[in-house]
Amino acid sequence: MLIGGVLELQYKDIIPKIYVEEYLENNKEHSIDEYEVYCFNGNPEFIKYTAHIEGYGMKISYITPKWEKADYNLFFESYEDIIPDNYNQDKILEYSKFLSKDFIFARVDFFEVKRKLYFGEMTFSPFMGNIKFCPNEYDFILGKKLKIK
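Residue 88 is where the sequence shown starts when you use the working numbering, and the numbers rise one by one after that.
Hints may contain errors.
[Said to hold, decoys possible] In silico SDA-like links for lysine to any residue, alpha-carbon gap of 20 Å or less:
#	residue 1	residue 2
1	K234	F192
2	K219	S148
3	K236	G129
4	K153	I170
5	K201	L180
6	K231	G216
7	K184	P213
Keep in mind that the hints were calculated from the coordinates and are not lab data. None of the values given here were measured: they were computed from a predicted structure.
Between the sequences and the hints, there should be enough to build the whole structure, so can you do that?
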């Protein structure tokens, strides 16, 4: 697959298919919350939390697995200082660990609608491996957590 002029070789032998998934609907009382859990060697290291709020748009925060504000963010994203409630925190972390345990790196995505949790996808090279953190020293700090055998 050619994305942004870069060939992502992991897709070369995959036969394209169309999948139809359940429509996840929010309402004014609830948002559709998205959790992108970045796991290094089976350990969740940080979570990009996005609240898709009806009539407002998106709010993005970066949180730790302890459900606290992270000291860093992806430099090209808007950043909000909100922490989601921790209703599904244990499940999100448990499922992320289980799904990513056999991989050096994996991003495990979930959606939460009206407190019900849905698995989204696993991504192995988000942004084609070109993620930059702010402040810059987190490129090195997080990179050290990647244990390549």
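Quick check: which numbered hints come out false for this structure?
none
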